[in-house]
Structures are given as C-alpha cells and as structure tokens.
Amino acid sequence: MKRLCLIFSTFFVFTSASVSFAQTEETPLNVFGYFQTSFQNWTKYNNHPNQTSFSVQQLNFFFQKKLARKWSAFVNFEFVNNYSSIRNWGSADLQEAWIRYRSNEKFNLKLGLQIPIFNNLNEINNRTPILPYIIRPLVYETSFKEFIPLEEYVPRQAFVQAYGFIPVGKAKIDYAAYTGNSSNINSDRENWQTGVDTTSHFLFGGRLGLRVKEWKAGVSATYQQRNEYVGLADSLNKPQNELRGLPHYRFGGDLSFHFQNFSFEAEYIDTYIHTGIDEFELGLNFYYFTLSYQLNEAIVIFGSHWITNLHFKLDGVNHSHYEDEDITVPNFGMTYNVSDRLRLKAHYARVRSDQKDTINNSLEFRKNVDKFSVIAVAASVFF
Numbered sequence: 014m015k016r017l018c019l020i021f022s023t024f025f026v027f028t029s030a031s032v033s034f035a036q037t038e039e040t041p042l043n044v045f046g047y048f049q050t051s052f053q054n055w056t057k058y059n060n061h062p063n064q065t066s067f068s069v070q071q072l073n074f075f076f077q078k079k080l081a082r083k084w085s086a087f088v089n090f091e092f093v094n095n096y097s098s099i100r101n102w103g104s105a106d107l108q109e110a111w112i113r114y115r116s117n118e119k120f121n122l123k124l125g126l127q128i129p130i131f132n133n134l135n136e137i138n139n140r141t142p143i144l145p146y147i148i149r150p151l152v153y154e155t156s157f158k159e160f161i162p163l164e165e166y167v168p169r170q171a172f173v174q175a176y177g178f179i180p181v182g183k184a185k186i187d188y189a190a191y192t193g194n195s196s197n198i199n200s201d202r203e204n205w206q207t208g209v210d211t212t213s214h215f216l217f218g219g220r221l222g223l224r225v226k227e228w229k230a231g232v233s234a235t236y237q238q239r240n241e242y243v244g245l246a247d248s249l250n251k252p253q254n255e256l257r258g259l260p261h262y263r264f265g266g267d268l269s270f271h272f273q274n275f276s277f278e279a280e281y282i283d284t285y286i287h288t289g290i291d292e293f294e295l296g297l298n299f300y301y302f303t304l305s306y307q308l309n310e311a312i313v314i315f316g317s318h319w320i321t322n323l324h325f326k327l328d329g330v331n332h333s334h335y336e337d338e339d340i341t342v343p344n345f346g347m348t349y350n351v352s353d354r355l356r357l358k359a360h361y362a363r364v365r366s367d368q369k370d371t372i373n374n375s376l377e378f379r380k381n382v383d384k385f386s387v388i389a390v391a392a393s394v395f396f
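Numbering (the numbering used here), first residue to last: 14 to 396.
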C-alpha cells in the first residue's frame, strides 16, 4: 500500500510540475513524427533464399520548442527495422539534439548533435513521407546500416554548423560549414567512456551551392583523420604511427531541377582514405539519378538508377587481399497521396552485384555475380 501511495504521489508531483510549467511557458512543445511500414519480397540470390517480410522500416519522433525570439531547439529519435531491445531487433538512435539561432534565412547557426548538409539528400534522408522511395538510394537507406557502411559515404554527425544563402541578383548562393567529432569514437564499454572521440581530431566539412529559379546545384566536401587502421601495422610491416591519423576525404556533387510536371535529381559521392602506403588502398564512390513525373495532384511516378563501387587493396607480408565490388540498382515506383499525412508507395528494384576477390597473390580467386529483385509496398505517415 505504501508503494502504491508513493507511485501516485510521484505521479501527482510530476503532473503538477508539468501543468505549472505549461502555464508559464511562452510557446508549446511540438511533438510530431514520421514512420514508414512496408512489405518487401526479395528473390533468391547466391546462398540467400527467397524472403518476404513486413517491417516498420523506420520511425522518427521529433520534439521542437521555440526558446526565444531567434532561438529554437530540436530533438530527433530514430528507430529502424522493427526495433525491439528485448528481441535484439533493429536499432534505436539519438539522431539529433540541437539548438538553432536563426537571424534570418541568410544566416543560421546550429549547436549540438545534428545531421550536416552534404549534397542534397543527406539532411532530409529520414523524412520518409516527402521522399518517393521505399528503399532510398543505397547510402541513405538507414535500414541497411547493419551491412552497408553508410557513414563511410556521407557524414552523419556534426556539432557546430553555420549555413544560409547570399542573394546575387535573381540567384542565391547557398553555403554551409560545419565541424564535429571524427570517426574515432569509442564503442568499447570496458575502455573508458563510450560515444566520445578518442583523439584531438575533428571532422570539417561544408557545401557551396547555387539556386536559380527551379534549378539547384552544389559541391560538398569533408575532411577528417582516422585511426581505425592501426591494427594493420603488423600485416603491412609498418610502424603504427604511419597508420595513425590517415586523412579521409569525401567529395560530393548534386544537381536538381523542376520543369513543369517533371523533377530531376542526381548526386555523386567519392570517398577515399589517403594512406600514403602503396600496399594499402581503400576507396568508395556512389552516384544516383532520379526522374519523376507528377501525373496529377495525388500520383507521382519515378525511375531511378543507383551505382556504387568499392576498391580495397591490402598487400601484407603474410597475407594479401584485393577486392572490387560494383552494385547497380535500376528501379522505378509510384506514390499515391491519400492526404497530406498519408502516402502510399510501390517500388521495384533489380539488383546486380559484381564482386572480385583475390587472396594471397592469386592462390585463391573468386568472382561472384548476384542478380535479384526487390518488390515493395509501403505506407508512409506523418503524425
């Protein structure tokens, strides 16, 4: 009985405090979100059987609050792949938690955890109701992050960012510059504090773009130093300091425009580690383009093509490994807007993966070609 009274007393205290705060606050706390639930069929390939599955592909909760005349706060929690901590399914992620000073559209300053501006899609890739895809262009598909290294292609976190535009006649020059932690983040709970950068390095990046009427184009770049490859020192017969602080570059370009009922968007991303060691090479690139057509106020059809390439070379003392993989994904689909808050989608993709592996100086050579199809339907909801 005492425990029950304690629970009710605690509830009353917190409820009273919440009501009191709500009565004195200047603006309300806005709570909203998106989710996308889908059904997907993947045909058989290699050693993987045909599979069909329902999924809450992604769910985002947003909390937004105006703090002062030019200041606001924003928090974004993301859950993917039928998230369940008990069943060890999917993942939960604090994507964003920032405050923003907004002088006007020409200058904004964000402080805190955020998704930085890189090309066109990076910052808005989790806004599923406004995107036509069920499966987004590969490097932006967060439900694939368990087997595609998304953060190798695009920056997913920054902590300080200034952005806006400069008017020049009828055009606008977009700019963004940001910094944040490097990728040297500790994830070992037995080795000091997790989630923090273990070095004094920073990520630096930005985008410079141009907008003219319905046209938009830009270039993006990031730079950081990485320590993850120190463990290869013995295999390469190199001192560890030669593999510490390796420069990691990302370069990107984007183009989009609208013409009558047509819309077009394209991006290119190139990322590589500058090792300075002939025996060790690592590079990735990705590009896509999408052409869509609005049939009427409710229906949009689109066609898209995605290509990603991987190159890896490790010529060690006792072990060598060369790998090249190309993935191409022509795809098309349609969306139907039931209302401003509900969008139904259908999507078909044909996937081809070409992989070549050479291990130990051609003593073992493998060439593999996978071809399979993905058919998906989904409902994307804004609440």
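To be clear, the hints were calculated from the coordinates, so they are not data collected in a lab.
Keep in mind that this is a model prediction, so the values were computed, not measured.
Some hints could be false.
Pairs of lysine to any residue residues, derived as SDA-like cross-links and limited to a Cα-Cα distance of at most 20 Å, are as follows [unchecked claim]: (1) K369 - L308; (2) K384 - V364; (3) K158 - N322; (4) K183 - N117; (5) K158 - K251; (6) K78 - L134; (7) K78 - S97; (8) K158 - D339; (9) K251 - A234; (10) K326 - H271; (11) K183 - L223; (12) K83 - L107; (13) K384 - H61; (14) K158 - T288; (15) K326 - G296; (16) K229 - K158; (17) K229 - H271; (18) K79 - F52; (19) K251 - L122; (20) K158 - E292; (21) K251 - L223; (22) K119 - Y188; (23) K326 - L223.
Hint compliance check: list the failing hint numbers for this structure, sorted ascending. 1, 5, 6, 7, 9, 10, 12, 14, 16, 18, 19, 20, 21 and 23
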